[in-house]
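K.L.:
Sequence:
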Amino acid sequence: MKKGNDFFNDVYDVVRQIPAGRATSYGAIAAYLGNKRGARMVGWAMGSSYQEQGIPAHRVVNKTGELSASQLFETPTTMQERLESEGVKVENNRIVNWEQCFWDPEKELH
DNA sequence: TGCATGACGCCAA
DNA sequence: CTTGGCGCCATGC
Numbered sequence: 001m002k003k004g005n006d007f008f009n010d011v012y013d014v015v016r017q018i019p020a021g022r023a024t025s026y027g028a029i030a031a032y033l034g035n036k037r038g039a040r041m042v043g044w045a046m047g048s049s050y051q052e053q054g055i056p057a058h059r060v061v062n063k064t065g066e067l068s069a070s071q072l073f074e075t076p077t078t079m080q081e082r083l084e085s086e087g088v089k090v091e092n093n094r095i096v097n098w099e100q101c102f103w104d105p106e107k108e109l110h
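Its first residue numbered 1, the first sequence is counted upward by one per residue in the working numbering.
Since the hints were made in silico from the structure, they are not lab data. Every residue gets a Cβ at the ideal spot worked out from N, C-alpha and C, and that includes glycine. Hints may contain errors.
[Claimed, not checked] Distance ranges between label pairs, derived from CB positions:
no.: 1; residue 1: P76; residue 2: E52; range: 20 to 26 Å
no.: 2; residue 1: E91; residue 2: D6; range: 33 to 39 Å
no.: 3; residue 1: E86; residue 2: E106; range: 20 to 26 Å
no.: 4; residue 1: D104; residue 2: N9; range: 19 to 25 Å
no.: 5; residue 1: R16; residue 2: E84; range: 31 to 37 Å
no.: 6; residue 1: E74; residue 2: N9; range: 23 to 29 Å
no.: 7; residue 1: G21; residue 2: E66; range: 15 to 21 Å
no.: 8; residue 1: E86; residue 2: L109; range: 32 to 38 Å
no.: 9; residue 1: K107; residue 2: R37; range: 19 to 25 Å
no.: 10; residue 1: E99; residue 2: S48; range: 27 to 33 Å
Whenever a hint applies, use it, and build me the whole structure from the sequences.
P.N.:
Written out as structure tokens, the structure is:
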């Protein structure tokens with residue numbers, strides 16, 4: 001049984017609030033939760049059981065807008081296809097106009 | 001208790 | 001742009 005830490009719940013809660021056509025980074029989520037050094041923990045929490053929580057994990061990428069997790073989805077192209085389906089252009093496994101698509105929980109959600 | 005691993009981030013060469 | 005290294009924190013052996 002997973003520890004069910006609030007950290008997990010908080011991560012999932014933030015990710016669920018990401019609007020379609022937008023995306024955020026692991027570091028941004030970690031910083032919003034107060035764990036500025038916990039970017040890895042965010043990714044760890046996601047990969048741990050995001051499929052069970054029904055989280056739009058495809059809207060979470062690394063700091064450079066790269067789809068670092070695309071290889072972990074159903075198929076290596078699922079993540080990209082989902083993003084493009086929502087209006088987010090992806091090229092070479094990276095989000096185009098990353099600055100525009102970036103959704104900062106501390107700024108947008110606060 | 002120590003070491004290796006990881007959906008990260010930052011920095012140097 | 002590509003490597004290589006360090007720091008971070010939690011988990012597994």
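K.L.:
State for each hint whether it applies.
P.N.:
Against the structure, the hints come out as follows:
no.	hint	in the structure
1	P76 to E52: 20 to 26 Å	holds (22 Å)
2	E91 to D6: 33 to 39 Å	holds (37 Å)
3	E86 to E106: 20 to 26 Å	holds (22 Å)
4	D104 to N9: 19 to 25 Å	holds (20 Å)
5	R16 to E84: 31 to 37 Å	violated (21 Å)
6	E74 to N9: 23 to 29 Å	holds (25 Å)
7	G21 to E66: 15 to 21 Å	holds (18 Å)
8	E86 to L109: 32 to 38 Å	violated (19 Å)
9	K107 to R37: 19 to 25 Å	holds (20 Å)
10	E99 to S48: 27 to 33 Å	holds (30 Å)
Going through the hint list in order, the structure does not satisfy hints 5 and 8.
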